[in-house]
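> Sequence:
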Amino acid sequence: MAAERSDAPDFVIVAPRCAATDWDQADELNAYVGKKDLRGYVDGAGRSGFDDAVCGCDPLAWGQVLVYHALNHGVPAQGWEPTPFEGSVGYGSEDVPRASWPGTYDWKAVRGKQTLDAEGGLKDIPVARLMWNLGLLGKVDYQSALGAAGSIKVEDFKAYCGFADGAMYSKIQRNGAMVPYWPDLMRRLLRVGAQTEAPTVLQISGHMIVVDGWGVDADGKEWFHVDKGWGSASGRWWDLDQLVTEGFAFYPNVFPTDLGGVIVGRVATDGAVPVPGATVTLSTADGKIKDTATTDANGCYAFIGLHKPSADAVVDPAVPYPKDHYTLTVQAEGYADAPAQTVTVESHVDDPTRAAKQAAWDEAHKDDKPGEGEAAHFELAYAGAVADFSLTPNAIFVTAEGGGDGRSWETAASLRDALAQADAVHPIYLAAGDYDLDETLEIPVGLTL
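Going by the working numbering, the first residue of the sequence shown is number 1, and it counts up by one from there.
It is possible that some hints are incorrect.
Distance condition first, Cα-Cα at most 20 angstroms in a straight line; then the derived SDA-like pairs of lysine to any residue [claimed, not checked]:
(1) K323 with G287
(2) K171 with D351
(3) K357 with Q173
(4) K290 with A340
(5) K113 with Q173
(6) K357 with S310
(7) K228 with Q25
(8) K139 with S205
(9) K139 with P102
(10) K123 with G79
(11) K123 with K158
(12) K153 with R354
(13) K113 with A19
(14) K308 with D258
(15) K221 with T392
(16) K158 with G220
(17) K158 with L71
(18) K36 with Y91
(19) K366 with D324
(20) K323 with L282
(21) K221 with G271
(22) K171 with W182
Simulated restraints, written as ranges between beta carbons of each label pair [claimed, not checked]:
(23) R416 with H207: 22 to 32 angstroms
(24) A77 with P427: 19 to 29 angstroms
(25) Q358 with D270: 42 to 52 angstroms
(26) L71 with A26: 14 to 24 angstroms
(27) A177 with A3: 21 to 31 angstroms
(28) H207 with T392: 35 to 45 angstroms
(29) V96 with A8: 41 to 51 angstroms
(30) A118 with D10: 46 to 56 angstroms
(31) K36 with G277: 57 to 67 angstroms
(32) R416 with A26: 53 to 63 angstroms
(33) T257 with T411: 30 to 40 angstroms
It should be emphasised that the hints constitute simulated quantities derived from the structure, not laboratory data. Bear in mind the structure is a predicted one, so any value in this text is a computation, not a measurement. Ideal placement from N, C-alpha and C gives every residue a C-beta, glycine not left out.
Whole structure, please, built from the sequences with the hints as guidance.
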């Protein structure tokens, strides 16, 4: 059953990345698109918005992603001045020519929705300029009573911002049913986005939002944070079923550089407690070690920039796409080794790629006899994989202030409790510290401390 919650899960692994923008379709974001007389603003002479129009959910969502990358990855750079362009926007049934709004960007001023003073008593609102330009990029139709509708293409966004990566995937339905592989593909693209610092723009019915956080419950159930674009208080945590139900177009891997093939995962105990400092080894199909990674404080690891298989040569839907196969193993001091996992990095086949293949196939077989090729469908594929590991402690973890079950450093036991359950098989790991003991404790013969 699909679920939504307002409170955070037990383990917030990726805190909502776009929460700091705290944007809504109001006030400064609408200052240019929603005002007819713009002569009081820098470069506003000769320009005109539409009284009471709002910026729209599409420019707002993409703007949040742009500002996040600018402030955290330096692209676009501080002081960026985008290349001017022209196009048109809509207002009701009218097609209105429009030019982009020039000017450089101070990204903290954009995020903070600041109004800046300029020469000649003019004002400059950088976030309003950004909404103006992204609205033009998406050919938004501004209607004061109905909001604003438009759709920024990921390729246009990448070209405008100078990004190298980004794709589009939409939910496929055939004969009234969702294709069976969609939930798994969607989980993989959301997890890769969470662990590679690439918030995912998500289109739901009549609205555009951003998936920008990830966490798990104590039972291991995953939750993804969605920023709905109505201020940070409107953010919610959705489970995968909710995302499958609500979402129908996803824009993953929107990133300044090409992420390539990606494998991500998390190493935790069966209680979802993270295991930091574990060594994850990545081996190719022929058994050669390709790389290693060390889990962070949340038990997470990522292999980025792997080979991304190409499906360019596949022109027949009956022919499988190329795939790369890897083996992952994990070791952590104080834990039994987990079974190795084999993972697959698929070819990159997003919506535009699949559509082009399908169109070429349909054209080539349009004269086939009735019934031939009716079930010939190309499928989507995503060059990102997820491999989570659950480890079982084979030691007892102890700290001076411990009072837990001793199954991890986060739930460390006291030395007294550890010795009470100790044996000669499972060692005790002692954290550095002062242990204030007022009694004699017995250490079993053969116990390793």
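> If a hint holds in the structure, say so; if it does not, say that too.
Do the hints match the structure? See the list:
Distance hint between K323 and G287 is fulfilled; the C-alpha atoms sit about 16 angstroms from each other, no more than 20 angstroms. A threshold of 20 angstroms between alpha carbons decides the hint, and for K171 with D351 the separation of about 9 angstroms falls inside it, so the pair holds. The straight-line distance between the Cα atoms of K357 and Q173 is roughly 18 angstroms, inside the 20 angstroms bound, and the hint therefore holds. Our distance criterion of 20 angstroms between C-alpha atoms is met by K290 and A340, whose separation comes to about 15 angstroms.
With a C-alpha separation of about 41 angstroms, the suggested pairing of K113 with Q173 is violated against the 20 angstroms cut-off. With a CA separation close to 13 angstroms, the supplied pair K357 and S310 stays within the 20 angstroms bound. Distance hint between K228 and Q25 is fulfilled; the C-alpha atoms sit about 11 angstroms from each other, no more than 20 angstroms. Among the hinted pairs, K139 with S205 is consistent with the structure: their alpha-carbon atoms are about 19 angstroms apart, no more than 20 angstroms.
Annotation: proposed proximity of K139 to P102 holds, straight-line Cα distance about 18 angstroms (limit 20 angstroms). Of the supplied pair hints, the one linking K123 and G79 holds, its CA atoms being roughly 18 angstroms apart against a limit of 20 angstroms. The suggested pairing of K123 with K158 is violated, with an alpha-carbon distance near 29 angstroms, which exceeds 20 angstroms. For the given pair, K153 sits about 16 angstroms from R354 by alpha-carbon distance, which is consistent with the 20 angstroms threshold.
A hinted pair counts as satisfied when its Cα atoms are at most 20 angstroms apart, and K113 with A19 qualifies at roughly 14 angstroms. The hinted pair formed by K308 and D258 meets the criterion: a straight-line CA distance of about 10 angstroms does not exceed 20 angstroms. With a C-alpha separation of about 18 angstroms, the suggested pair K221 and T392 falls inside the 20 angstroms cut-off, and the hint holds. Pair hint K158 plus G220 does not hold up; C-alpha atoms about 35 angstroms apart against a cutoff of 20 angstroms.
Distance hint between K158 and L71 is fulfilled; the C-alpha atoms sit about 17 angstroms from each other, no more than 20 angstroms. Straight-line distance between C-alpha atoms of K36 and Y91 comes to about 13 angstroms, which keeps the hinted pair within the 20 angstroms bound. Pair hint K366 plus D324 does not hold up; C-alpha atoms about 33 angstroms apart against a cutoff of 20 angstroms. A distance of roughly 16 angstroms separates the Cα atoms of K323 and L282; the hinted pair therefore holds under the 20 angstroms criterion.
For the proposed pair K221 and G271, the alpha carbon gap of about 11 angstroms is at most 20 angstroms, so the pair holds. Simply put, K171 and W182 have alpha-carbon atoms about 7 angstroms apart, close enough for the 20 angstroms limit, and the pair holds. Range check, R416 to H207: Cβ separation about 56 angstroms, and the 22 to 32 angstroms hint is violated. Taking 19 to 29 angstroms as the suggested C-beta distance range, the pair A77 and P427 does not conform, at roughly 51 angstroms.
The hint said 42 to 52 angstroms for the Cβ distance between Q358 and D270, and at roughly 44 angstroms that hint holds. Look at L71 against A26: about 22 angstroms separates their beta carbons, and that is inside 14 to 24 angstroms. With their beta carbons about 22 angstroms apart, A177 and A3 fall inside the hinted range of 21 to 31 angstroms. Judged by the Cβ atoms, the range 35 to 45 angstroms given for H207 and T392 holds: they are separated by roughly 43 angstroms.
Distance hint check: the CB atoms of V96 and A8 are about 43 angstroms apart, consistent with the given range 41 to 51 angstroms. The hint said 46 to 56 angstroms for the Cβ distance between A118 and D10, and at roughly 49 angstroms that hint holds. Our hint of 57 to 67 angstroms for K36 and G277 holds, since their Cβ atoms are close to 60 angstroms apart. In this structure the supplied range 53 to 63 angstroms holds for R416 paired with A26, their Cβ-Cβ distance being about 58 angstroms.
Between T257 and T411, the C-beta spacing of about 38 angstroms keeps the proposed range 30 to 40 angstroms intact.
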